[in-house]
Structure formats: structure tokens, C-alpha cells
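Chemist: Sequence:
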Amino acid sequence: MDEEQSSDCAIMIKEVLHKHLSVCEDASAGLKKVA
Numbered sequence: 002m003d004e005e006q007s008s009d010c011a012i013m014i015k016e017v018l019h020k021h022l023s024v025c026e027d028a029s030a031g032l033k034k035v036a
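Quick note, the sequence shown lines up with residues 2 to 36 if you use the working numbering.
Everything labelled a hint here was simulated from the structure, so no lab data went into it. Treat the numbers as computed from the prediction; the structure is a model and nothing was measured. Note that CB positions come from ideal geometry on N, CA and C, so glycine has one too. Take these hints with a grain of salt, some might be off.
Claimed, not checked - Listed next, the in silico EDC-like pairs over lysine to aspartate or glutamate satisfying Cα-Cα at most 20 Å (straight line):
| hint | residue 1 | residue 2 |
| --- | --- | --- |
| 1 | Lys15 | Glu26 |
| 2 | Lys15 | Asp3 |
| 3 | Lys15 | Asp27 |
| 4 | Lys15 | Glu4 |
| 5 | Lys20 | Asp9 |
| 6 | Lys20 | Glu4 |
Said to hold, decoys possible - Listed next, with one range per pair, are the computed distances between beta-carbon atoms:
| hint | residue 1 | residue 2 | range |
| --- | --- | --- | --- |
| 7 | Asp3 | Leu32 | 28 to 36 Å |
| 8 | Asp3 | Val35 | 30 to 38 Å |
| 9 | Glu4 | Val35 | 33 to 41 Å |
| 10 | Glu4 | Lys34 | 26 to 34 Å |
| 11 | Asp3 | Gly31 | 38 to 46 Å |
| 12 | Glu5 | Val35 | 41 to 49 Å |
| 13 | Ser8 | Ser29 | 26 to 34 Å |
| 14 | Ala30 | Ser8 | 45 to 53 Å |
| 15 | Ser29 | Asp9 | 27 to 35 Å |
Make the full structure from the sequences, and use the hints.
Modeler: This is the structure:
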């Protein structure tokens with residue numbers, strides 16, 4: 002795999018992780034409201 006492809010991969014992974022983290026934050030905020 003050349004560098005351009007691997008950096009695209011890294012960007013995609015970062016975006017997916019960022020979305021996952023924000024979903025987790027939303028969920029924990031929702032749990033705190035309920036608790």
C-alpha cells in the first residue's frame with residue numbers, strides 16, 4: 002500500500018473513531034440525565 006492510500010485509511014479511521022466517541026459521550030450524558 003502506498004503512502005497516499007494509507008493516509009486516506011488513517012483519516013477514515015480517525016473519522017469513525019471520532020463519531021464513535023461522540024456517540025459514547027451523548028450516551029453517557031443521557032445516562033447522567035436519567036440518573
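Chemist: Taking the hints in turn, state whether each one holds.
Modeler: Evaluated hints:
1. With a CA separation close to 16 Å, the supplied pair Lys15 and Glu26 stays within the 20 Å bound.
2. The straight-line distance between the Cα atoms of Lys15 and Asp3 is roughly 19 Å, inside the 20 Å bound, and the hint therefore holds.
3. Pair hint Lys15 plus Asp27 holds up; C-alpha atoms about 18 Å apart against a cutoff of 20 Å.
4. Taking the CA atoms of Lys15 and Glu4, the gap is about 16 Å. The hint holds against a cut of 20 Å.
5. With a C-alpha separation of about 17 Å, the suggested pair Lys20 and Asp9 falls inside the 20 Å cut-off, and the hint holds.
6. Restraint check for Lys20 and Glu4: the C-alpha separation of about 24 Å exceeds 20 Å, so the hint is violated.
7. The beta-carbon spacing between Asp3 and Leu32, approximately 44 Å, falls outside the hinted interval of 28 to 36 Å.
8. The beta-carbon spacing between Asp3 and Val35, approximately 49 Å, falls outside the hinted interval of 30 to 38 Å.
9. Between Glu4 and Val35 the Cβ separation comes to about 47 Å, which falls outside the hinted range of 33 to 41 Å.
10. Our hint of 26 to 34 Å for Glu4 and Lys34 is violated, since their Cβ atoms are close to 45 Å apart.
11. Distance hint check: the CB atoms of Asp3 and Gly31 are about 43 Å apart, consistent with the given range 38 to 46 Å.
12. In this structure the supplied range 41 to 49 Å holds for Glu5 paired with Val35, their Cβ-Cβ distance being about 46 Å.
13. For Ser8 and Ser29, the hinted distance range of 26 to 34 Å is satisfied, since their beta carbons lie about 31 Å from each other.
14. The hinted window of 45 to 53 Å between Ala30 and Ser8 is violated, with their beta carbons roughly 33 Å apart.
15. The hinted range of 27 to 35 Å is satisfied by Ser29 and Asp9, whose Cβ atoms lie roughly 31 Å apart.
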